[in-house]
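Given the coordinates of chain U, work out where chain D should sit on it, guided by the hints.
There are 2 protein chains.
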Amino acid sequence: MKMIQNEAGRMVPESVNGLKQVPYMGVAKYKPEGYKAKPPIRSCADYPEDGNKIVKNLKEALIKCGIKDGMTISTHHHLRNGDVLTNQLFDVIHSMGIKGIRWFPSASFSCHKHLIPYLEDGTIHHIEGSMNGPLGEFTTYGKMAGVGVLRSHGGRYQAIQDGEVHIDIAVIAAPTADPFGNATGDRGKSACGLLGFALADSEYADKVIVATDNLIPFPCYPWQIQGNNVDYVVEVETLGDPAKIVSGTTEVTKSPDRLLISEYTAQFIEDAGLMKNGFSFQAGSGGTNLAFALYLKERMKAKGVKARFVRGGSTKYLVEMLQEGLTDYILDGQTFDLEGVRSMRENANHVNTSPFTSYNYHGKGNFASIVDIAVLGATEVDVNFNANVVSHTDGLLLHGIGGWQNCMFSKCTILAIPSFRDRIPVILDEVTTLCAPGELVDVIVTERGIAINPLRKDLMKAVKNSSLPIRPIKEIQEEVYRLCGGAPAKPDVDKRKVVAVVKWVDGTLLDSVYQLKK
Amino acid sequence: MKMIQNEAGRMVPESVNGLKQVPYMGVAKYKPEGYKAKPPIRSCADYPEDGNKIVKNLKEALIKCGIKDGMTISTHHHLRNGDVLTNQLFDVIHSMGIKGIRWFPSASFSCHKHLIPYLEDGTIHHIEGSMNGPLGEFTTYGKMAGVGVLRSHGGRYQAIQDGEVHIDIAVIAAPTADPFGNATGDRGKSACGLLGFALADSEYADKVIVATDNLIPFPCYPWQIQGNNVDYVVEVETLGDPAKIVSGTTEVTKSPDRLLISEYTAQFIEDAGLMKNGFSFQAGSGGTNLAFALYLKERMKAKGVKARFVRGGSTKYLVEMLQEGLTDYILDGQTFDLEGVRSMRENANHVNTSPFTSYNYHGKGNFASIVDIAVLGATEVDVNFNANVVSHTDGLLLHGIGGWQNCMFSKCTILAIPSFRDRIPVILDEVTTLCAPGELVDVIVTERGIAINPLRKDLMKAVKNSSLPIRPIKEIQEEVYRLCGGAPAKPDVDKRKVVAVVKWVDGTLLDSVYQLKK
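Going down the list, the protein sequences come from chains U and D. Residue numbers are given in our numbering: position 183 of the first sequence equals residue 183, and the series is strictly consecutive. All you need for our numbering is the position in the second sequence, starting with 1, plus 1000.
To be clear, the hints were calculated from the coordinates, so they are not data collected in a lab. Computed from a prediction, not measured in an experiment: that's the story for all the values here. The reader is advised that the hints may include incorrect statements.
[As the list claims (entries may be wrong)] Derived pair list, reagent style BS3-like, types lysine-lysine, alpha-carbon separation capped at 30 Å:
id: 1; chain 1: U; residue 1: 59; chain 2: D; residue 2: 1031
id: 2; chain 1: U; residue 1: 31; chain 2: D; residue 2: 1064
id: 3; chain 1: D; residue 1: 1029; chain 2: D; residue 2: 1059
id: 4; chain 1: U; residue 1: 64; chain 2: D; residue 2: 1029
id: 5; chain 1: U; residue 1: 31; chain 2: D; residue 2: 1059
id: 6; chain 1: U; residue 1: 474; chain 2: U; residue 2: 495
id: 7; chain 1: U; residue 1: 306; chain 2: D; residue 2: 1059
With the rest of the complex left out, here is chain U (with noise of 0.2 Å):
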């Protein structure tokens, strides 16, 4: 495997499963040249007139699709890990003796772990996708036959649009559909909200199958997957475990190191003028995001200030906000519990968005560039504010990126992170992966002090008569080393071996996860 430094002073593979590969260039630096994708045009002539394409079951399905060996098969994380559809569509492939199959979903989640015989056996030959746990683990010890290829939400868009991976056959999971493909996530007994992860698979993929565990007569509306796109319908029994699916309630931390990281962050955005008539900002779901939310809150009531849109993931306090009137609309890109669904479902200011209009960097725009503020987590930060958040300081691939990189667009990103987890310090002198160039990160928030990006003058000025432990990050760094006992050891990996590799929201490669040495 040839490897080339890149921008950013990693080294990346010249080529990966085969495929010539672009380095990093820079934030912004990278311009594509070419045409989108283009799927072939189709007939009404070769589909049932009264739009019925119901078709018996998944292998049924899959047959009439013309699978075969090799093939690239696409599904998405709507039903996280309540997804029993993925499961159930490989135990299909693997009794028809399918092998190699390039599964590209959008994320995959513990309970994919059934898949892991599938890996090892030649069904499934790599995953390019978001590896949560189990897979991720099973990746960095080079289980996997092919390298696995991580990309954000935006940049999996980014890749279909552009061509760079070409979807066989798309199977999207439908908690409501009818008989012409029409399929929505905000209702039925598998309700995960939105299948926005699905769009750029129904629009660009050969073919598309439509699995529902809800089927409903013409018109499902709204239509967040157009039948048009469509070719198979399949009913199956169940698509997973609603329990799963989401959470009946997301939960706020109690830790209070996280509660302080929360305050902090909402106290720095109103010192720092960003809380104002007409904001927006964008927090994710873990407990420490969801405390900013409730503090933020707060202060907004407690200035009368009222924001513009706020971005979901979408939780009850998000829809609390909405339903108090402290926002105009939530601009969601999936909904982690119930009152969330319900609230997609119910009010028409809560908005399904999908990966196209939020994070496609290969557009005219995106929304993601346009939010005020986003608070994000990370695994590790360095003392130049690059940041890491696939994988662990011990060399573990165990997350994906989600939205992550693609938030690095907002006009003030901050990281909310504690200054150590397990004893491990999170400000290192150098992460582990890197997943964002730190000159898009402009503030990281840790329980011990605040740490404003230099390149950002503007917020320490704004800042600068504020209460809030502003502080330089070698400092914060330096503090935290002492109480750890120094700097963590490096993971103990082969650096001829890359398991996966991390894109950049462009397509380019900014870094590559090394095999763990057991």
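Just chain D, lined up with the frame of chain U:
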């Protein structure tokens, strides 16, 4: 101009405006090959990070789009006869000295007679799109430099999608928009309902300009047009004349003959057993169609029947059906009155659709063939049920195709037409211009009787005990010929001079419109 006879027996040119054509091959006979059009890949790096794409005026936007001689510029017709923007657009283009534009509107109206001088002085080379009224007349007399190309709404989407028509610059009139280019037609002083006719333009044009007279802060939601496809946003004082964009009310016919046709049509649907729970229908906005909808509504109420969906062009009459629970959904393609606009804005079950969902024949099915009953008009029919909707018996091209060809694919297509107009019989031996093959026309309802296409033995059987005057079409024709003094004169045309062509839904050439000798 070399002419070929197509499968319908009509003579069509081998090439049109320099482009080789495929002659019509029969319904569902032409199988497209190849791939959809592929727009260039863009990068967020080339668009403003804050999402603000506003430029000073139309001229600046056109310059930034790189306008030059011979380009294709598209507009949409949701502003109907109240459109001021398109006229202003061509005033600007004319003032810049640009020549030879192919104007590609989804339709043109009387208000666009303002553009005739630009057709005469070479600013506009020719029009591809419906030419209602004066521009049609202008064309029929051979005054346009190029050949007009008439397409259905679905055919226009198909032509753009398939790359038959490449749009250089799309100009989208947006009654409400944000600086990013998200746009909706359902609100604002120039509200027109929806913007579906501009969807393909926004997706496939090289450059997209959104012009609005109601700029609001991001996000403009609903985003019927997505800002991610938009290059520039222009604020204008006014898009048009609200009273001509949508009428305050739409008028039901008062003609006793037309009322009888409407009543026959409603009774036919009931007697044939088509009016049953979960059924669907589409009817246009003409006075006869409105009356039909009212008669059908009374029958539905009397029998306790509920539709699953009705298709608009919506009017207050369809809105009342939705509000009274007589249908679950209105699937709307355009809104004809203020009540339609209000309902679309306020009622989640009044759904905006596009030519992609509804009509595109080169998709994986479309909605049109799912509809149980379509009630349409026609300028002429022949004894073999072939129909004309664009020209009059005197040879003048005065109407567009609209969704008419697309609706022909409904399960029961009914032409509800008077047997004569101004003493000219409507049922002829041969139509002046062929717009739909007879095999797709199932029933012709006139005030003198109802003719069922002999191909539809099922319908014949279904109404055999009906009190309706079911008659052979020839018998009705003969009666009308006696009344009107025989067959009307053929128009005096120059068969060597094709002034416009009529495309079928699959992009093939169905017929030619010839130059009228003055």
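Check: Where does the structure disagree with the numbered hints, that is, which hint numbers, in rising order?
Finding: 3, 7
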